[in-house]
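K.L.:
Quick note, the sequences are listed as chains S, E and W, same order.
Its first residue numbered 0, the first sequence is counted upward by one per residue in numbering that gives the first Met the number 0.
Its first residue numbered 0, the second sequence is counted upward by one per residue in numbering that gives the first Met the number 0.
Its first residue numbered 0, the third sequence is counted upward by one per residue in numbering that gives the first Met the number 0.
Misleading hints may appear alongside valid ones.
Stated by the list, open to error - Calculated lysine-lysine pairs in the DSSO-like style (CA-CA distance at most 30 Å, straight line):
#	chain 1	residue 1	chain 2	residue 2
1	S	K1	E	K158
2	E	K158	W	K33
3	S	K202	W	K68
Derived from the structure by calculation, the hints contain no laboratory data.
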Amino acid sequence: MKRALTLVLLVALAAVLLNAVADLPPHGSPDTPAYTHVGAYYLENGSEETGSENIVTSIILNYRGFDTNGEVTVIVTALMAVIAVLTGVQDTGTQPDAEVIHVAPSVVVRFIVRVLAPFILVFAVYVILNGHVTPGGGFQGGTMLGALAIALTLVLGERESSRLLPQRSLRVIQVIAPLTFVAVGLAGLFIWGDYLFFPRDEKLRGFAEAMLVLIEAGIGIGGAVVFARVFRLMGGRQ
Amino acid sequence: MTSWPPLLVLFVLTPLVGAVLTPAVSDASGRRSWEWALGTMLLTSAMAGALIMRVLDEGPFSYVVGGWVAPYGIELRFDEFSAFVAVVCLLGLLAVIFSRHYARDALAPGRIPYYYTLLLLNMTGMIGFIVTGDLFNLYVFMEILSLSAYALVAISGEKTAEMAAFKYLVMGAVSSLSILFGVGLLYALTGSLNMADVTGRLAGSAEAPLVLAFAALTLGFMVKSALFPLHIWLPDAHAIAPSPVSAVLSGLVVKVGILGMLRVYQIAYGSGAIDLSGLNLMLTWLGAISIVMGAFFAVFQDDIKMMLAYSTISNIGYIVMGLGLASPYSLIGASVHVFNHALIKATLFLGAGALIHQTGRRTLTGLAGVGRSMPLTTAAVSIGAISIVGIPPTAGFLCKWYIALGAMQAGEPLFAVALVFGALLIFVYYIRMVNAFYFRKPQEAGAPAVHEAPATMLVPVLILAALCLVMGVLGRLPLSFIEPAVTRLLAPLGGG
Amino acid sequence: MIDLLWDNLDYAASMVLFCIGLYAVITRNNLIKKFMGLNIMETAIFAFIVALGVVDGGNAPIMGEGAAKPFINPLPQALILTGIVVAVSTTALALSLVIRIWRQCGTIEADELREAE
Numbered sequence: 000m001k002r003a004l005t006l007v008l009l010v011a012l013a014a015v016l017l018n019a020v021a022d023l024p025p026h027g028s029p030d031t032p033a034y035t036h037v038g039a040y041y042l043e044n045g046s047e048e049t050g051s052e053n054i055v056t057s058i059i060l061n062y063r064g065f066d067t068n069g070e071v072t073v074i075v076t077a078l079m080a081v082i083a084v085l086t087g088v089q090d091t092g093t094q095p096d097a098e099v100i101h102v103a104p105s106v107v108v109r110f111i112v113r114v115l116a117p118f119i120l121v122f123a124v125y126v127i128l129n130g131h132v133t134p135g136g137g138f139q140g141g142t143m144l145g146a147l148a149i150a151l152t153l154v155l156g157e158r159e160s161s162r163l164l165p166q167r168s169l170r171v172i173q174v175i176a177p178l179t180f181v182a183v184g185l186a187g188l189f190i191w192g193d194y195l196f197f198p199r200d201e202k203l204r205g206f207a208e209a210m211l212v213l214i215e216a217g218i219g220i221g222g223a224v225v226f227a228r229v230f231r232l233m234g235g236r237q
Numbered sequence: 000m001t002s003w004p005p006l007l008v009l010f011v012l013t014p015l016v017g018a019v020l021t022p023a024v025s026d027a028s029g030r031r032s033w034e035w036a037l038g039t040m041l042l043t044s045a046m047a048g049a050l051i052m053r054v055l056d057e058g059p060f061s062y063v064v065g066g067w068v069a070p071y072g073i074e075l076r077f078d079e080f081s082a083f084v085a086v087v088c089l090l091g092l093l094a095v096i097f098s099r100h101y102a103r104d105a106l107a108p109g110r111i112p113y114y115y116t117l118l119l120l121n122m123t124g125m126i127g128f129i130v131t132g133d134l135f136n137l138y139v140f141m142e143i144l145s146l147s148a149y150a151l152v153a154i155s156g157e158k159t160a161e162m163a164a165f166k167y168l169v170m171g172a173v174s175s176l177s178i179l180f181g182v183g184l185l186y187a188l189t190g191s192l193n194m195a196d197v198t199g200r201l202a203g204s205a206e207a208p209l210v211l212a213f214a215a216l217t218l219g220f221m222v223k224s225a226l227f228p229l230h231i232w233l234p235d236a237h238a239i240a241p242s243p244v245s246a247v248l249s250g251l252v253v254k255v256g257i258l259g260m261l262r263v264y265q266i267a268y269g270s271g272a273i274d275l276s277g278l279n280l281m282l283t284w285l286g287a288i289s290i291v292m293g294a295f296f297a298v299f300q301d302d303i304k305m306m307l308a309y310s311t312i313s314n315i316g317y318i319v320m321g322l323g324l325a326s327p328y329s330l331i332g333a334s335v336h337v338f339n340h341a342l343i344k345a346t347l348f349l350g351a352g353a354l355i356h357q358t359g360r361r362t363l364t365g366l367a368g369v370g371r372s373m374p375l376t377t378a379a380v381s382i383g384a385i386s387i388v389g390i391p392p393t394a395g396f397l398c399k400w401y402i403a404l405g406a407m408q409a410g411e412p413l414f415a416v417a418l419v420f421g422a423l424l425i426f427v428y429y430i431r432m433v434n435a436f437y438f439r440k441p442q443e444a445g446a447p448a449v450h451e452a453p454a455t456m457l458v459p460v461l462i463l464a465a466l467c468l469v470m471g472v473l474g475r476l477p478l479s480f481i482e483p484a485v486t487r488l489l490a491p492l493g494g495g
Numbered sequence: 000m001i002d003l004l005w006d007n008l009d010y011a012a013s014m015v016l017f018c019i020g021l022y023a024v025i026t027r028n029n030l031i032k033k034f035m036g037l038n039i040m041e042t043a044i045f046a047f048i049v050a051l052g053v054v055d056g057g058n059a060p061i062m063g064e065g066a067a068k069p070f071i072n073p074l075p076q077a078l079i080l081t082g083i084v085v086a087v088s089t090t091a092l093a094l095s096l097v098i099r100i101w102r103q104c105g106t107i108e109a110d111e112l113r114e115a116e
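The whole structure should be built from the sequences, with the hints applied where relevant.
P.N.:
Structure (structure tokens):
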């Protein structure tokens, strides 16, 4: 009964939605407002104004850098939330931890992860550092790094895998992404007068690039630590 | 007032940096995290004060991040509606102060640093949401705000806390998606994300997607502000959360939905591209139903926090009804009630938190006779109760009066009747509460001897109660403060 | 209407996907499946916004040698990159809540949890 009712309601909703999107500017046409207004400006001037060949990166880090500032805060918020939810309390519930089954991964898995690990690492670093000329950037590379840490956590023993995350400085490293972002942004504020300002002068291009790489590295490392940490917390480790 | 350094962006960054560094500066059991959070909130509040002085001085102003020009860069904008940050900072500050003893006793020690982190992140999200002038940036800050709010509900350690948080999360995530969808549609129609730019470019868009865009945005914000019948997540979440968090959620976080609606109205009225009278009629009705239903459910609650949570739904009804009536008086009343209800509800929740903390009981039956042992706290809660009913000379009176006047002005006296009826119902349940505090004997003979809460809990409650009275006496001041913004909002309609 | 819809097939598809996700959110009893429904809805909205940036015959918006017009609109892609991170964050929190609920109550079926309350 509930399902049938939901179905009817959703079909009605779908009709409304389809009716509305049918009247949107035609898909794929170069004359839509979405293509001719702000987007066109980015395509026209993005490469020149920001010095980044990849326009998506120039939007993420330059034009809409403040969004990305918020975005790195969102993943840190998620990590803080996961820590707050999963740690600090004794379980009073009915599910004893003994039911968690530990299965050692097979030799094949262990071997393949070990062989691939250096290559994944190199590729991740490459993606992080080349975000401004090729598809990629801090988040993409950071995800790879995080995946690598997760894969290694699966095949290594508890002692070795806990060493993947620097325990002592963990409380700073896990928030490194917003910290570098704010630090670089404030450098722009104090040197050139605007938060997240990157010098557009031809002479200072190298300096601007260094700032961008710093942000990308911060996002990459910070993101990877967050992913690895969330995974370990969900597995009941610290 | 100089424009450098750009205080507006630093204002968002201060709680952000403070939040992420909280676990790093405190040890595992949360020592020093209170001091750190307090310092951060003091600094943030000082900035809020400076910004409000500036908006009083020169009217709305904006800052574009990164030295770009709007609409290509992200614009931060501060207008009279943004002055809500004053309440955000004040409540944030008092909630942090209140948490000093509360958190130590009520939360697991390992969670305390993360509790403060999430509280500060919540503030960051709220401040960013209020000051941004960019639609997608609004979404990003809304997510910081929402994620931290879900976690703050789950953190309390009550048995059903996680379930309440999950329910809140699912509803919240669906509403966020609805808002993102609305933003996407507006982008498809105008090619821009800057609110002012979108407003200017909206005229002449196809009607069906335009209506859908505003419907999606409204729906999303209505869930966030828990308007009937989209309120089902609220009572559990607000009742189960730790009391300072309940105060922040009920006082501030649901108001974010209302402020979002005000932004939507700014775009819709400003562009003149869409006729919102249908939407307004619906909002007025839903507001009226919320007033009555919220109050009705509240009457039957024995759990004091559950009762306060339902009363929030009722009060959101007042605000939404004021928005929907769309007459100058009702809009002014609604905008000021956004401020005043935040103060009143925070008084009530923090006061209730102090009572629960000292007595260990949370039902009206259990709290019977508590007025004798905790006179100051119960006095403060009673002031809050009188304010929320709207008896002069307290903060609640003038805004409800203005909303009622607005209903008359809009030629809808029926809604003024709903408003008065709601106020009567609210009166009934707060009389029950005050009656329980003062005139009933403690039920159990062996009740532990309770005394007033420690100063860190008592002082914030008393400050808030005093503010409820002050805002009532100064009533005209906030009204005349918000008036230019409302006049500007309604100017394109020709009603002014 | 149908013609117009056919032209905007990408948008139409994401709307249908959105409704499928919503159906799962409303009707599924298992909390993880409920949340998967939410992920489907997220994907639908992301697909919709990315599709806004498509231009017929467009190339990736990467300048430099060999780059040829027309380029597709880079802005929706940049936005959705942010959107994806937000979605991942929400998923992480939701799953950790589910873990806690499972440890506390021994079930993640919504109706059984309601009885347990």
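K.L.:
Give a verdict on every hint.
P.N.:
Going down the list of hints, with the structure as the test:
1. S/K1 x E/K158: holds, 29 Å
2. E/K158 x W/K33: With a Cα-Cα distance of about 22 Å, the restraint between E/K158 and W/K33 holds, given a limit of 30 Å.
3. S/K202 x W/K68: Holds. S/K202 to W/K68 sits at ~29 Å (cutoff 30 Å).
This entry satisfies every hint, going by the numbered hints stated previously.
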